[in-house]
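Enquirer: Let the hints inform the model, and build the full structure from the sequences given.
Protein sequences, first through last, are from chains A and B.
According to our numbering, the first sequence is numbered sequentially starting from 111.
According to our numbering, the second sequence is numbered sequentially starting from 12.
Hints in this document: simulated from the structure, not taken from any laboratory.
Even glycine gets a Cβ: it sits at the ideal position worked out from N, Cα and C.
It is possible that part of the hints are untrue.
Capping the alpha-carbon separation at 30 Å, the derived lysine-lysine pairs in DSSO-like fashion look like this [as the list claims (entries may be wrong)]:
(1) A:K633 <-> A:K432
(2) B:K228 <-> A:K517
(3) B:K164 <-> A:K507
(4) B:K164 <-> A:K407
(5) A:K517 <-> B:K194
Going by beta-carbon spacing under 10 Å, a handful of chain A positions derived as facing chain B [to be verified]:
(6) Q285
(7) M381
(8) R385
(9) E387
(10) L391
(11) T428
(12) K432
(13) A489
(14) P492
(15) L499
(16) L500
(17) K516
Now for the letters of each chain:
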Amino acid sequence: MFERYGGTKKALLILLFVVLLLQAGSICKGQAFRPDEWIVREPGAFPLYPDPAVGDDNIECIALNNVYEGLVFPDPIKGVVPHLATEWEAEPGGQKFVFKLREGVKFHNGDELTAEDVVFSMERLQTIGEGFAYLYEVVEDVKALDKYTVEFTLSEPVGPFVEMLVRLYIVNKNQVMANLVTPGQYGELGDYGKRWLLMNDAGSGPYTIREMELESHMLAEKFEDYWGGFHENAPNFIKLIATGEPVTVRTLLGRRELEITDMWQPMESLMAAARIEGVELAYLPCAQNLQIMLNTKRAPTDDIHFRKALAYCMDYNTVADKMYIGSPVAQGPVISMVAGHKKDMEVYEMDLDKAVEELKKSKYYNQLDKYPVELSWIAEVPEEEKIALLLQANAAKIGVKVEIWKKQWGHVIADAMRPETTANATIMFVGLHFPEAGSLLKSRYHSSSCGGWEQMEWLQDDEIDMLIDKAFATVDKDERFAIYGDIQERLVELCPTLWLVDHAEVRAYQEGYLDWPLANHMKAGGEILCPLMGSFDYFRDMKVFPEKRAALLGK
Amino acid sequence: MEASTVSLKEARREGMRRSWYRFSRSNVAIVGLVGVLLTIVLAIFAPLIAPYPQHASAFVDYENAMVPPSRAYLLGSDPSGRDILSRIIFATRGALKMGIGVLAAVVPLGVVVGLIAGYHSGSAIGVIIMRITDIFLAVPPLLLALAVSAVLKPNLFNAMMAVSISWWPWYTRLVYSMVCSIKNEFYTQAAELTGASKSHIMFREILPNCLPPILTKMTLDIGFVILLGASLSFVGLGEQPPTPALGTMVADGAKYMPQQWWVAVFPGLAIMFIVLCFNLLGDGVRDTLSTEEV
Numbered sequence: 111m112f113e114r115y116g117g118t119k120k121a122l123l124i125l126l127f128v129v130l131l132l133q134a135g136s137i138c139k140g141q142a143f144r145p146d147e148w149i150v151r152e153p154g155a156f157p158l159y160p161d162p163a164v165g166d167d168n169i170e171c172i173a174l175n176n177v178y179e180g181l182v183f184p185d186p187i188k189g190v191v192p193h194l195a196t197e198w199e200a201e202p203g204g205q206k207f208v209f210k211l212r213e214g215v216k217f218h219n220g221d222e223l224t225a226e227d228v229v230f231s232m233e234r235l236q237t238i239g240e241g242f243a244y245l246y247e248v249v250e251d252v253k254a255l256d257k258y259t260v261e262f263t264l265s266e267p268v269g270p271f272v273e274m275l276v277r278l279y280i281v282n283k284n285q286v287m288a289n290l291v292t293p294g295q296y297g298e299l300g301d302y303g304k305r306w307l308l309m310n311d312a313g314s315g316p317y318t319i320r321e322m323e324l325e326s327h328m329l330a331e332k333f334e335d336y337w338g339g340f341h342e343n344a345p346n347f348i349k350l351i352a353t354g355e356p357v358t359v360r361t362l363l364g365r366r367e368l369e370i371t372d373m374w375q376p377m378e379s380l381m382a383a384a385r386i387e388g389v390e391l392a393y394l395p396c397a398q399n400l401q402i403m404l405n406t407k408r409a410p411t412d413d414i415h416f417r418k419a420l421a422y423c424m425d426y427n428t429v430a431d432k433m434y435i436g437s438p439v440a441q442g443p444v445i446s447m448v449a450g451h452k453k454d455m456e457v458y459e460m461d462l463d464k465a466v467e468e469l470k471k472s473k474y475y476n477q478l479d480k481y482p483v484e485l486s487w488i489a490e491v492p493e494e495e496k497i498a499l500l501l502q503a504n505a506a507k508i509g510v511k512v513e514i515w516k517k518q519w520g521h522v523i524a525d526a527m528r529p530e531t532t533a534n535a536t537i538m539f540v541g542l543h544f545p546e547a548g549s550l551l552k553s554r555y556h557s558s559s560c561g562g563w564e565q566m567e568w569l570q571d572d573e574i575d576m577l578i579d580k581a582f583a584t585v586d587k588d589e590r591f592a593i594y595g596d597i598q599e600r601l602v603e604l605c606p607t608l609w610l611v612d613h614a615e616v617r618a619y620q621e622g623y624l625d626w627p628l629a630n631h632m633k634a635g636g637e638i639l640c641p642l643m644g645s646f647d648y649f650r651d652m653k654v655f656p657e658k659r660a661a662l663l664g665k
Numbered sequence: 012m013e014a015s016t017v018s019l020k021e022a023r024r025e026g027m028r029r030s031w032y033r034f035s036r037s038n039v040a041i042v043g044l045v046g047v048l049l050t051i052v053l054a055i056f057a058p059l060i061a062p063y064p065q066h067a068s069a070f071v072d073y074e075n076a077m078v079p080p081s082r083a084y085l086l087g088s089d090p091s092g093r094d095i096l097s098r099i100i101f102a103t104r105g106a107l108k109m110g111i112g113v114l115a116a117v118v119p120l121g122v123v124v125g126l127i128a129g130y131h132s133g134s135a136i137g138v139i140i141m142r143i144t145d146i147f148l149a150v151p152p153l154l155l156a157l158a159v160s161a162v163l164k165p166n167l168f169n170a171m172m173a174v175s176i177s178w179w180p181w182y183t184r185l186v187y188s189m190v191c192s193i194k195n196e197f198y199t200q201a202a203e204l205t206g207a208s209k210s211h212i213m214f215r216e217i218l219p220n221c222l223p224p225i226l227t228k229m230t231l232d233i234g235f236v237i238l239l240g241a242s243l244s245f246v247g248l249g250e251q252p253p254t255p256a257l258g259t260m261v262a263d264g265a266k267y268m269p270q271q272w273w274v275a276v277f278p279g280l281a282i283m284f285i286v287l288c289f290n291l292l293g294d295g296v297r298d299t300l301s302t303e304e305v
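Expert: What follows is the structure, encoded as C-alpha cells:
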C-alpha cells in the first residue's frame, strides 16, 4: 500500500519536474534579444517589408538604405555618389552603361559581392514587378562581363539612368536561391525568396537584420565586416519601431528609449518634445510633396471641373503657415528644389468664386447631395486630419459635402489596388525615388504606377504617358527638362491632385547623446542636394554617446 | 363597472405616488435624474445653449487652435480651433441617440424573442432560439460591435446597429427566465383553460409581469450602451467628422496629453458624467421597483 502511494508520489514529482523543465525552456525561448545601449531607435508606419523587390514606402526605404546597398548612393549632402560601383561608362547613345564594381565587398553571410549578384538583383526585381521595379522597365538586358563588371542595355535611351540606380539594392544570389520556397508563383524559382526575405536579409549594407517582426519592429546590428568601416561611436544597433502615436513617442523620448522621431508627428507634439532636456528639433527640407490625390475614375472627382472646384477651395496658405511650419506652398506637381521643376507656373490658389464657377460647369452641379466626396487620411499621420477638416469646411461653403475617413496605412494600400475602392480624395505624402523631376512624374502619373499607393489618381492619360516616356528617352538634359515642364503644365490643367506643400521634415532627436551629421549640416545653414525618401536616416553616419544618455537619465 | 375602473385608476395613481416617494427619498437617484434631464435639455437645445454652434459643423479656425480654457473658450479649443464646450454640448445628441436608439431596437426584439422562447421552453423552438442567443452572448459585446462596425461604413446608424446586434440577447435571456416561471402561475394556467389565445397569454398575461425587471435593466443599460458607443467612436467607428462625438474627441485629444490636456479631459469627463447619471438613475429605479415587489 505504502509502496503504491510512494510510486504515485514519485511519478507526480517526475511529472512536475518535466513540466517545470518545459516551462523553463519556453521562457528561455520567449526571451527577446536585448541590444546594448549603442543603439538608435526610430518609429515608423508599419508593416515593413524589407525585401528590395517589394518595399517602397518611407519606413521600407529607411530599412533598405541601411541593410542593402546600390551601385550608387544617395548622399543627401553630396548628391548621387559612386558606391558599390567605383566607376562607369555610358555609350553616347545612352542605351548602354558599363559599371565597374568595388572589389572585396562582402555580404552579411561572408560571400563576396560580384557582378552575378547585380544581374540577379535586377532580374529578380523585374520579375517580381513590385516596389521600385517600374523604374527599370527600360532595362532590356543586364549581364556580367566579368566578376566585377556589369553591363546594362536599355530598350531606349534613358537620361537619368545612373540616378535611377539608387533604388537597385543588391541581394546575395546564392543566399536567396538557397531559400526559395517551392512551388511558388515564379515557376522553378518558386517564390523567388520573397518569404525568406520578409524576415531576413541578404544584403551587404552596414547593418544586418537581427530580429524582424512584421507588425512590431526591426532590429538590425552592425555588420563588422562592412567594407566602408565604422567610426568608433557608430551605433551597434538600429531599431525601427511600429509606433507613431504621439504620446507614446514623446514618452519614449523622455525615457531616452527613442533617439529620433519619425516625420509624421504633429507640430504641437514636436514642440512639447523639444522642451525635454537634451532633445532638439531638426528641420530637413525633404523631397516630399504633401498632396491630396483625386481619383479621376470615380464620381464626382472624375469630372475635371469638380476637381478644379476642389482645388480652388483649398486653403494652401493655412496648411503651410499653421500646420506644416517651414514647408512652403507647393508650386505644382514637382517639388521646387528638385532638378526639372518648372518655375513660374500658374498654380491653384484659394478662390471660392472661381470654385463656384468651376462647380457650375461640372455635371454634378445639380446633384451635389448625391455625390459626396470621400476623403481618406492616414491614421498614422495625425496631422493630416486637420487638412481633411480644412477641405471639408471650405468645400461646405460651396455646397460640396466631404465625408472624412480615417484609414490605417495597410487599409489605404489595399484600397489603392482598384479604382472603385480608391477614395475620391486621399491625403498623402509622396517622395522622390531618384533626384530628378522625372522620378515624381513617372511614379505619380504614368499609367504603369496605377494600383499602388503612389498613384491613387488613376490618371491613365495617354498624352501624359507619352510625354513621360519621351522625357525618359531624352539624353540631353535641357531637352529632357523642357519636356518635364510640358508635363507639369498639362498636369496642372488636368488637376488630378491638390498640391499642398513642399514638405520640410521636422524631427525631434536626442541631441544630448546623438550626433546626427545631417541635422548639424542643416543647423549650420547647409543645403540638401539629394533629398531621397529614406536617405536622411543613414545610421552609419551617426554617433551615439551612452555615457551622456546615462547622465541625462540620472538627472 | 365605472366604480371599479375609477378605483383602479386611483390605485395606479396611488402606486405611482408611492413609487415617486420612494424614488425621491434617494438623493443619489435624484442626482442621476437631474443629470439625465440636464443632458436631455442640452441635447435638445444645443443650438441655443452652445456658445459657438457653428463649431459643431464643418468649421475650422486655425488661428485659435489649442487655446487653453479661457473666457472666450470656457473649456478651451481643439487642434482645429473649435470650441470644446460647444462640441461637447452637441455630442450629447449622439450619445443620447445611441442610448435611446439601441434600446428602442433591442428591447422589443429581445423581449418578443424571449417571450416566444420562454413560452415554448422545452420544445424545439425554445431550444433553437436560446442556443442562437447563447452564441451571441458568448462573444464579448465590444468585440462583436467592433467586428460589425469594421465591416459597415462608419457612421452613427451603423454603430447603433453594431451595438444592437450585441445587446438584444441579454433581454432575451432575462425575459426567457422570467417567462419560464410565470407561465406556470395559476393565472396563466387559468387563462389557458378559458381558451385564451397564445398571443393573449404571452402579451397580456405574462408580459406585464415581466415589465419591472425589463424597465430596471433598460435604465441600467442605457449608460453602458452610451459607453460602448463612445468606445466605438474612440476607434473611429461612430459619428464621422465634422459631427462631434465624445469618444472621437477623447481619441483626438489623447495625442496632445498631457500638455494640451483640455482637449481630451473635458470630453472624457462628459462621458463619465452622462454614464454616471444614467447609472444612478437606473439604481434608483431598480431600488424603487424592487421595494414595490417586496
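Enquirer: Broken hints, numbered, in rising order?
Expert: 2, 5, 6, 9, 10
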